[in-house]
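Engineer: Sequence order for the protein chains is A and X. Its first residue numbered 1, the first sequence is counted upward by one per residue in the numbering used here. Its first residue numbered 326, the second sequence is counted upward by one per residue in the numbering used here.
What the hints contain is simulated information worked out from the structure, not anything from laboratory work. Be aware that a few hints might be false.
[As the list claims (entries may be wrong)] When the alpha-carbon atoms are kept at most 27 Å apart in a straight line, the in silico BS3-like pairs for lysine-lysine are as follows:
| hint | chain 1 | residue 1 | chain 2 | residue 2 |
| --- | --- | --- | --- | --- |
| 1 | A | 192 | A | 205 |
| 2 | A | 130 | A | 192 |
| 3 | X | 555 | A | 313 |
| 4 | X | 553 | A | 315 |
| 5 | X | 455 | A | 315 |
| 6 | X | 455 | A | 313 |
| 7 | A | 313 | X | 553 |
| 8 | X | 555 | A | 315 |
[To be verified] Residues of chain A placed beyond 10 Å of chain X at every Cβ, according to the derived structure:
| hint | residue |
| --- | --- |
| 9 | 19 |
| 10 | 87 |
| 11 | 133 |
| 12 | 320 |
[As the list claims (entries may be wrong)] Which bits of chain A does chain X cover? Going by a derived footprint, with three or more residues having C-beta under 8 Å, they are:
| hint | region |
| --- | --- |
| 13 | 237 to 251 |
| 14 | 254 to 268 |
| 15 | 278 to 286 |
Beta carbons: idealized from backbone N, C-alpha and C, even for Gly.
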Amino acid sequence: MTESAHQPPALAAVQSNRFGLVMKKYLTAIARFYRGNPTAIMGTFIVGSLIIMSLAAPLIAQNEPTKRVARGHQPPSMELLFGSTRSGKDVFSQVLHGGRISLTVAFGAAALTTVIAVLVGISAGYFGGKVDEILMSVTNIVLVFPQLPLLIILAAFLGQVGPLIIAVIIGSTSWAWGARIIRSQTMAIRNKEFITSAEVMGESKARIVLVEILPNLISIVVGGFVGTSIYALMAEAGLEFLGLGDPTVITWGTMLYWAQSNSAFIVGAWWDMVVPGMAIAIMGGGLALLNMSIDQISNPKLKTGAYIKIWRKQKAQMIARRARS
Amino acid sequence: MGFILRRLAFYLAAIFVAISFNFIMPRLMPGNPVDALFASAMGKMPPETLAAYKEMLGFVDGPLWKQYFVYIKSVLTWDLGPTIMLYPVQVTDVLAAKVPWTVGLAGLSTLIAVFIGIIIGTYASYNRGKFVDSFMPTFWAFVGAMPQAVTALFIFFLFALTLRWFPLSYGANPDLDPAFSWTYISSILHHGVLPLVSMVLGGIGAWIFNMRNAMINVLGEDFITMAKAKGLSSRRIMTHYAARNAILPVVTGISMQIGFVMAGAIFIETVFNYPGLGLLMFKSLESRDYPTMQACLLLIVVFVLIANFIADLLYLWLDPRLRN
Chain A
1 MTESAHQPPA LAAVQSNRFG LVMKKYLTAI ARFYRGNPTA IMGTFIVGSL
51 IIMSLAAPLI AQNEPTKRVA RGHQPPSMEL LFGSTRSGKD VFSQVLHGGR
101 ISLTVAFGAA ALTTVIAVLV GISAGYFGGK VDEILMSVTN IVLVFPQLPL
151 LIILAAFLGQ VGPLIIAVII GSTSWAWGAR IIRSQTMAIR NKEFITSAEV
201 MGESKARIVL VEILPNLISI VVGGFVGTSI YALMAEAGLE FLGLGDPTVI
251 TWGTMLYWAQ SNSAFIVGAW WDMVVPGMAI AIMGGGLALL NMSIDQISNP
301 KLKTGAYIKI WRKQKAQMIA RRARS
Chain X
326 MGFILRRLAF YLAAIFVAIS FNFIMPRLMP GNPVDALFAS AMGKMPPETL
376 AAYKEMLGFV DGPLWKQYFV YIKSVLTWDL GPTIMLYPVQ VTDVLAAKVP
426 WTVGLAGLST LIAVFIGIII GTYASYNRGK FVDSFMPTFW AFVGAMPQAV
476 TALFIFFLFA LTLRWFPLSY GANPDLDPAF SWTYISSILH HGVLPLVSMV
526 LGGIGAWIFN MRNAMINVLG EDFITMAKAK GLSSRRIMTH YAARNAILPV
576 VTGISMQIGF VMAGAIFIET VFNYPGLGLL MFKSLESRDY PTMQACLLLI
626 VVFVLIANFI ADLLYLWLDP RLRN
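Turn these sequences into a full structure, and let the hints steer you where they fit.
Structural biologist: Structure below.
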């Protein structure tokens, strides 16, 4: 009894210490990810600032996105940074507010995709046998289906769909590729000794999958998430551009749709089209940069930047030394 | 042989899934699906045609499995009935007129994008850490992230509308009669340049990226070190040793991209008013012509499966290990 009375504080101390260690481990990992990696820094900067700007839209933009503030198709000026739309609304305010929904849809769809891909991929890879066979035949069939045309037809059948439905249909159609990659990685890890030892120790299947296998797949899972966000961002814009989305909701896609239906380019109001287009391109490009740097974690051979420069310098010095001797 | 048969069985299964999907979709629509489906045809079609039409699409009285078999039969006999927007033209006739344009545009643009992508990717990976390597993938990632419709509209605005270098719409000069003559072919080429460029711009980034990653993996192999030790020129190592091996996964990746290329065609053909499958799909979306829409999807699925099968054969030819 006396012993058990002593234990709780000791245990708490160990746990808090352990928490500190884990935090330190993650912080060092993050620091190592960014050190000497301009691609990752630039990608994070672009993605981060666009997210913050969309979140702070009501603070940054003075005008309401739905309010008429000027005459139609006014060019960019000091008052209206990105000009006005055909119906006299502030493009700057619209692009900030639209980012909120567009980015939520992109990340939401990517999150859904990632969850399905991880569930299917790990189950197929870890359990093998019949489970693997069934899951993989479904995955392979989904994989050969052309995603975007399928998405377009689905949206057309559902009528003008809102952002939530768009996120759900993108998420539920684009998980197959990720599931395949996660499966093959799981199979590679599955027969390692630490998994066998966990099985022998009698750990539950759920714990083996979540605690032993999943952390080893984290770079692939995160890479897949970022890659799918790019795809979802473009797919959403595409659906809405074709008029399949709900045109009353302001997103980057519906901005393109309105610009196109008002023939923005032809009447010379290029800003109406270019601003949301560039917003998507910059966000997608930023995500692509992040994706490249995450790829370098799952496949260290791809590393560039500072490492290559150091290596090159040392090689040059070595050659110079040899030439001297 | 076993490999090919297994793949063929798989593609057959995939086609049946696609047909079943097309069958289920209208039945999942809220309300009365048949009336919703033909709402836009009301007034255009005489009632008896409509009734015959519904029967062909499987909307017969009776249990669902019976409807399903009626539908499968009409698809397999390639008898998809008349379109709604261009009534009474048959869906299959409309499709047949549009397919060559899109196959030409999508096929050629994919070949060009793969070719350029492989060259830039090879070059970038061989100059790791230098300017080309850091600039090219980044630049093309941003270009590729631009919505294809916006890229196409921008090109349309600049080269067709402002500079007047290229025609504004159609696949060929509508005043000319289709014939195998130089004037007609040159007109097709002239009209095809801008859509082609727009499609290539959207696709290049992915190929550079794939090729670069594949190259870097190959460049770490021992036989590359061996080739360097033999004193071969770096150009020869780059092309004959590294690129030869890195190309395999990249080329077979083409089949995965066909779906995206077809989706790109929807936007680009719409912008340039190009008479292909993409524009047809867009128009059928606009006029809620569900039979045409579904036929387009089915055709795209078939294209993707054919591309996959070609990729399988290519793999078999390029990788002798699969032959046993």
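Engineer: Against each hint, give a clear statement of whether it holds in the structure.
Structural biologist: Now for the hints, and whether the structure bears them out:
This hinted pair checks out: residue 192 of chain A and residue 205 of chain A have alpha carbons roughly 16 Å apart, not beyond 27 Å. Distance check on the hinted pair: residue 130 of chain A and residue 192 of chain A sit about 22 Å apart at the alpha-carbon level, within 27 Å; holds. For the hint pairing residue 555 of chain X with residue 313 of chain A, the CA-to-CA distance comes to about 24 Å; that is within 27 Å, so the pair holds. Between residue 553 of chain X and residue 315 of chain A the CA atoms are separated by roughly 15 Å; this keeps the pair inside 27 Å, and the hint holds.
For the given pair, residue 455 of chain X sits about 15 Å from residue 315 of chain A by alpha-carbon distance, which is consistent with the 27 Å threshold. Annotation: proposed proximity of residue 455 of chain X to residue 313 of chain A holds, straight-line Cα distance about 13 Å (limit 27 Å). Between the alpha carbons of residue 313 of chain A and residue 553 of chain X the distance comes to roughly 20 Å, so the proposed pair stays at or under 27 Å and holds. Using a Cα cut-off of 27 Å, the hinted pair residue 555 of chain X and residue 315 of chain A holds, with the two alpha carbons roughly 19 Å apart.
The beta carbon of residue 19 of chain A sits about 37 Å from the closest Cβ of chain X, which is more than 10 Å, so the claim that it is off the interface holds. Every Cβ of chain X is farther than 10 Å from the Cβ of residue 87 of chain A; the closest lies at roughly 20 Å, confirming the non-interface assignment. With a closest Cβ-Cβ approach of about 13 Å to chain X, residue 133 of chain A is found to remain outside the 10 Å limit, as its non-interface label requires. Its beta-carbon lying about 19 Å from the closest one in chain X, residue 320 of chain A satisfies the requirement of being farther than 10 Å from that chain.
Look at the region 237 to 251 of chain A against chain X: 6 of its residues bring a Cβ nearer than 8 Å to a Cβ of that chain, three or more, so the hint holds. With 4 residues bearing a CB less than 8 Å from a CB of chain X, the region 254 to 268 of chain A meets the requirement of three and the coverage assertion stands. Under a criterion of three residues with beta carbons nearer than 8 Å to beta carbons of chain X, the stated coverage of the region 278 to 286 of chain A is upheld, 7 such residues being counted.
The earlier numbered hints are all upheld by this structure, with none contradicted.
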